[in-house]
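J.: Residue strings, one per chain:
2 protein chains.
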Amino acid sequence: MLGRKLTERLARDASVTELALVDVAAGSAEIDVADVAAPGAAAALVANRPDVIFALAAVLSGEAEADFDKGYRVNLDGTRLLLEAIRAVGGGYRPRVVFASSIAVFGAPFPDPIGDDFQATPLTSYGTQKAIGELLLADYTRRGFVDGIGLRLPTICVRPGAPNRAASGFFSGIIREPLNGEDAVLPVPDDVRHWFASPRAAVEFLVHAAAIDGVAVGDRRSLTMPGVSATVAEQIEALRRVGGDEAVRRIRREPDETIMRIVSGWPGRFDTRRALALGFRAEQDFDEIVRVHVEDELS
Amino acid sequence: MLGRKLTERLARDASVTELALVDVAAGSAEIDVADVAAPGAAAALVANRPDVIFALAAVLSGEAEADFDKGYRVNLDGTRLLLEAIRAVGGGYRPRVVFASSIAVFGAPFPDPIGDDFQATPLTSYGTQKAIGELLLADYTRRGFVDGIGLRLPTICVRPGAPNRAASGFFSGIIREPLNGEDAVLPVPDDVRHWFASPRAAVEFLVHAAAIDGVAVGDRRSLTMPGVSATVAEQIEALRRVGGDEAVRRIRREPDETIMRIVSGWPGRFDTRRALALGFRAEQDFDEIVRVHVEDELS
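Protein chains in written order, with the working numbering: chain A, 1 to 299; chain B, 1001 to 1299.
Hints in this document: simulated from the structure, not taken from any laboratory.
Here the structure is a predicted model, which means the values were calculated and not measured.
A hint or two may mislead.
[Unchecked claim] Among the chain A residues that face chain B by a calculated CB cut under 7 Å, a handful are:
| # | residue |
| --- | --- |
| 1 | Ser15 |
| 2 | Thr17 |
| 3 | Gln119 |
| 4 | Thr128 |
| 5 | Ala131 |
| 6 | Ile132 |
| 7 | Leu135 |
| 8 | Asp139 |
Glycine included, each C-beta is placed from N, C-alpha and C at the ideal position.
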């Protein structure tokens, strides 16, 4: 989803002269399909020396937890092979690598807010693989092999499209489905707090990171992205202001112990002063996130 | 050095019934030599299902910086292959893995003191490889494949034996050489502060970690070990109290810009309350570190 939106955004950007798209899944006819962890695949990717490489490819959280080997192969080995392939080009080639990390690198218990200096102690294999990617990115950057920036993306909300079975799916579902005249399930209490940014904001993080001054970033190459801290109750009130009571009545409360346990290990609020000082911007409140969803997906 | 001292300590321990020693370098006749990153080597290591595995094997800081590929192969791939080999045994096998990490996982700038929640943003490839090892250890533990404890060891001082060319070598050299009636070179100013534990304390950290209750450790499986925070000036005064002015006169000040730059990125003081609460103990002051050296090496 993020890759598709980023592609649309870059296609409108006059400074982008050439765009090569590679996906591990066969998404559409114009996109090359490659398994970056397969022998030779990473080398082929960088053979024409792109100036900027967006490394979004990942086995997402639920799948990385269900399939331990696949998660490590794609998320860890894939990232490392990409960095190695860039290093192997040599001849002063040092592209900007924008690495999509995640707030999943953090694991409870947390201070409130979570500062830029807080340790990464993930509680999922996905978060572990992203945290390792950050460390590799920083070391390859320090050694002069790449010019990497890692972005710890908030939970993307409102995610467009069909409901998925990710543990975080309901955060988008309770907004998206009611605005579509459909019912949505809420498996956690209203006081659960989490950290969000819209798909539009996430794409702008990536685009901004492509052009940012690497020297200003310093040795700590990964940045927690700004976002909106909101409780489920605040999400619902934002929905009410756009869709009215009728939309809110579409939300059905069905407590799910498993999802509650998973979500209780997730962060609720960050102090992202490093990213803000470097010019990264997210929405101001959850009302704005709902408005962006209506503008980008429902008009 | 640490492996040898640990072996001597375990050989005196009545609860240890069998001890298998494996080194990447041919150290002595009774020690198997194996490259844990070579195919099949890790599987052979765990075939007889040891209860406790001490993972000390490493390419040290200077060599990992000089030989990028070797550092990643031994320190990262070697650790991962060991964890994978343990996982492959299956059948409920879940040994205690004591992983020797390092305060090199931290990189300046620092708060003073550095707390247990502080981020790992290493400034060396060695520190990066150790930080990745910590993340793998935590995830393999969370998934139930191993029961891991990572120990971020302080700089070991006074390191016995001949001077080496490690950037940190002078911290031991300025004590060890004068007490041997030899000259020592001091390449940094007297106000440089660093974090130390004796070889004896480090061995006891490892032995303690072998028997500690894993449940009490929780999800954050790596612990910064207690130590002594001392400046070079405090080291020198401790030396004077044992060896007199004559010993101190053996220290020759030869400022070295390269070493000064490296050392300026190193930590000076930690708040290690997690490790202290779990029963890990180091020396109380640098005088005690010098005394331990005299007792263990010079008597």
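J.: Each hint: holds or not?
T.: Hints, one by one, checked against the model:
The restraint placing Ser15 of chain A at the interface with chain B is violated, with a minimum CB-CB distance near 31 Å, outside the 7 Å limit. About 33 Å separates the beta-carbon of Thr17 of chain A from the nearest beta-carbon of chain B, more than 7 Å, and the hint is not met. A least Cβ separation of about 5 Å between Gln119 of chain A and chain B falls short of the 7 Å threshold, and the interface hint therefore holds. Interface restraint check for Thr128 of chain A: the shortest CB-CB distance to chain B comes to about 4 Å, inside 7 Å, so the restraint holds.
Annotation: Ala131 of chain A was flagged as interfacial toward chain B, and the flag holds, the nearest CB pair being 5 Å apart, inside 7 Å. For Ile132 of chain A, the interface hint holds, the least distance from its beta-carbon to any beta-carbon of chain B being 5 Å, beneath 7 Å. Restraint check, Leu135 of chain A versus chain B: the minimum CB separation of about 5 Å is within 7 Å; hint holds. For the restraint placing Asp139 of chain A at the interface with chain B, the shortest Cβ-Cβ distance is roughly 4 Å, inside the 7 Å limit, so the hint holds.
In this structure, the hints that do not hold are numbers 1 and 2, in rising order.
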